[in-house]
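A.B. asks: If you want the building blocks of each chain, they are given just below.
Number of protein chains: 2
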Amino acid sequence: MLDAGRMEANIGRLKARLARLGVSLRPHVKTCKSIEVARRLMPTPAGPITVSTLKEAEQFLEHGVTDILYAVGIAPGKLEHVVALRGRGADLAVVVDSVEAARAVAARQASIPVLIEIDCDGHRAGVKPGDPVLVDIAGALAKGAHALGVMTHAGDSYNCRSTEAIADMAETERRAVVKSAAVLRSAGFASPVVSVGSTPTATFARSLEGVTEVRAGVFVFHDLVMAGLGVCAVDDIALSVLATVIGHQRDKGWIVTDGGWMAMSRDRGTARQPVDQGYGLVCDEAGRVIGDLIVSDANQEHGIVSRRDGGALDAARFPIGTRFRILPNHACATGAQHDAYHVVRGGPEVIARWPRFGGW
Amino acid sequence: MLDAGRMEANIGRLKARLARLGVSLRPHVKTCKSIEVARRLMPTPAGPITVSTLKEAEQFLEHGVTDILYAVGIAPGKLEHVVALRGRGADLAVVVDSVEAARAVAARQASIPVLIEIDCDGHRAGVKPGDPVLVDIAGALAKGAHALGVMTHAGDSYNCRSTEAIADMAETERRAVVKSAAVLRSAGFASPVVSVGSTPTATFARSLEGVTEVRAGVFVFHDLVMAGLGVCAVDDIALSVLATVIGHQRDKGWIVTDGGWMAMSRDRGTARQPVDQGYGLVCDEAGRVIGDLIVSDANQEHGIVSRRDGGALDAARFPIGTRFRILPNHACATGAQHDAYHVVRGGPEVIARWPRFGGW
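Protein chains in written order, with this note's numbering: chain X, 1 to 360; chain U, 1 to 360.
No lab work stands behind these hints, which were simulated from the structure alone. Keep in mind that the hints are not guaranteed to be accurate.
All copies of an identical chain are treated as equivalent in the list; a pair is satisfied when it fits inside any one copy or across any two copies.
Unchecked claim - Derived DSS-like pairs: lysine-lysine, alpha-carbon spacing no greater than 27 angstroms straight-line:
id	residue 1	residue 2
1	Lys-252	Lys-128
2	Lys-78	Lys-55
3	Lys-143	Lys-179
4	Lys-15	Lys-252
5	Lys-128	Lys-179
6	Lys-252	Lys-179
7	Lys-78	Lys-15
Note that this is a predicted model, so its numbers are computed, not measured.
Build out the structure end to end from the sequences listed, making use of the hints.
C.D. replies: In structure tokens, the structure reads:
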């Protein structure tokens, strides 16, 4: 279920923040994978957006979105698909982080726009900020592609323990790309695009000077991981899973529901946080947090709801047939388990069904 | 990717075992969610099968499968759907574990066949083996439904640490339902169905005397959790995810691929086992295990492949574009991230595409 009011407030808040910081938003639609949601995120019907798969690029292109960044390092075997999508009108840019990949893109001789990925926090792909190899990569790209600039993602911001630490991480993220763009510019590569993005750093960055765009995705729905980081309040979380009580184990203080890990996903992102929310935090059907009930364990189609402290609960309050709305640890992972959003606004009445897609 | 030869061998092995033990197989199709796979599992085109959602019941009914057990405790709000499916020709049975749920089913006055769930290992739903409440439940069912017998699932067998312990657990599972059926029979309820099932206990049960059917699902594909339990060999695992190298972090011994948790699922079932396989064990494109390479970390669309011991590796062996097949921790969870099986037989050549479904 998707609470439209909460979603709109989440979008409005980040957009206002980025406007104050003087940068544009290129929302990451890997979280929503829905044109209905994306239309409420994008400044224009044509974008811009960030995608994590070429399937996303293809699906959004079919709905008229053309300004697209595919933000996962390109595999040479996907270049034919990239060229085909560009031939159908997509202004689709790709990402590389090595001379090897840059040569493969340039070899297509298709003027594909390319961002060079910078590793600002050691957490996955990218070249080190300001590394001289940046000039070699841009040089390789110049032989048949179009070097547009640099991008990074401060994924390690999910491991911060204070909003102050997130703000520091945002500054690290900013400096990484600004420094890298400077290296490219002093070698004669204009690098008009300087792109950063994660929901935590976008929320707490003190300055984005020198940055041209922010990619963030999870802010549209928020989730318990974001709440645990202090990036949102629990009441900002717009996504929930409807589950029904199917039984009890009274001696253990368990309520058994039909909302297992298939519905919630296996994501246990709050397990590393100070407050472990299990597989999700339990609300009533109207979306109000009940108290300290969490989905403490999950099988494929069974959820075990219990008090966080494992204490006794009054099963009679939650008879068979009672409906819960469960707030998820990770909106991207939970959304991916479902083929549509059932849209509500405040109450439990479903006012629309917005399809979403998956796959590659 | 699905290796048909491995799958056929897995099916043949369990079927032969159950035939020797004198019980029939009611395969759990929550693992495969594919009629093509189910046809290779079922003794007849009409079933029998076990399902975990009414969506599965509906999808398989559309392909002519009629003998169906919905093995998750029934929520009263789903009874209308159950009655509709039975009206369309499904011999669909449901499960209860309380007088409250039994009354709700009986109140439909639709002669719905019902199994009473037994909790053989304290791991989720069910009444205690032999508990006198069984007679109350059967009595409540008699007022408008059809009490068929008892069922249990030894989910805790996934936590066993030896095949001996699994065989003991299988005996606990068997005794739980045999004892419960005896209680019902002495109260005058015939209880023709005595149903157990988990892949580990089905594989190592010494006797299934008194049991009429076995429900198991994951054996069709097997996975790293099953291999870690000694239930299969790594080379029996029929399911894998194709991923492509997109870069390296040479100083860390990392290979970066486009196979992240969206492709593998967030399931980390081997984390609790003696050998933690990360997000998956890495094979070459022909399906041969490379050595000690695992997916040690994952983002949504990025996989980090490294040596299990974190040691150095020769990145030149795995240039950008190299394809891996990654064996999954949990076949049910990984399968659910994909909309089809690409069927191979030994080598990398895809010989068929079998669709699968998801949702509720």
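A.B. asks: Between copies, within a copy, both or neither: which fits Lys-15 and Lys-252 at Cα up to 27 angstroms?
C.D. replies: Neither. Shortest intra-copy (46 angstroms) and inter-copy (37 angstroms) distances fail the 27 angstroms Cα cut-off.
A.B. asks: Given a CA cutoff of 27 angstroms, do Lys-78 and Lys-15 count as a within-copy pair, a between-copy pair, both, or neither?
C.D. replies: For Lys-78 and Lys-15, the Cα distance exceeds 27 angstroms both inside one copy (33 angstroms) and across copies (42 angstroms).
A.B. asks: Taking 27 angstroms as the upper bound on the Cα-Cα distance, should Lys-128 and Lys-179 be classified as within, between, both, or neither?
C.D. replies: within (10 angstroms within a copy, 65 angstroms between copies)
A.B. asks: Is it within, between, both, or neither for Lys-78 and Lys-55, if the alpha carbons may be no more than 27 angstroms apart?
C.D. replies: For Lys-78 and Lys-55, only the intra-copy Cα distance (11 angstroms) is at most 27 angstroms; the inter-copy one is 34 angstroms.
A.B. asks: What label fits Lys-252 with Lys-179 when the C-alpha limit is 27 angstroms: within, between, both, or neither?
C.D. replies: between (57 angstroms within a copy, 23 angstroms between copies)
A.B. asks: For Lys-143 and Lys-179, with the copy left unspecified, which applies at a CA distance of at most 27 angstroms: within, between, both, or neither?
C.D. replies: within (24 angstroms within a copy, 76 angstroms between copies)
A.B. asks: Please work out whether the CA atoms of Lys-252 and Lys-128 approach to 27 angstroms or closer within one copy, between two copies, in both situations, or in neither?
C.D. replies: This pair counts as between: shortest inter-copy Cα distance 13 angstroms, intra-copy 52 angstroms.
Figure legend: structure checked against the earlier numbered hints; hints not met, in rising order: 4 and 7.
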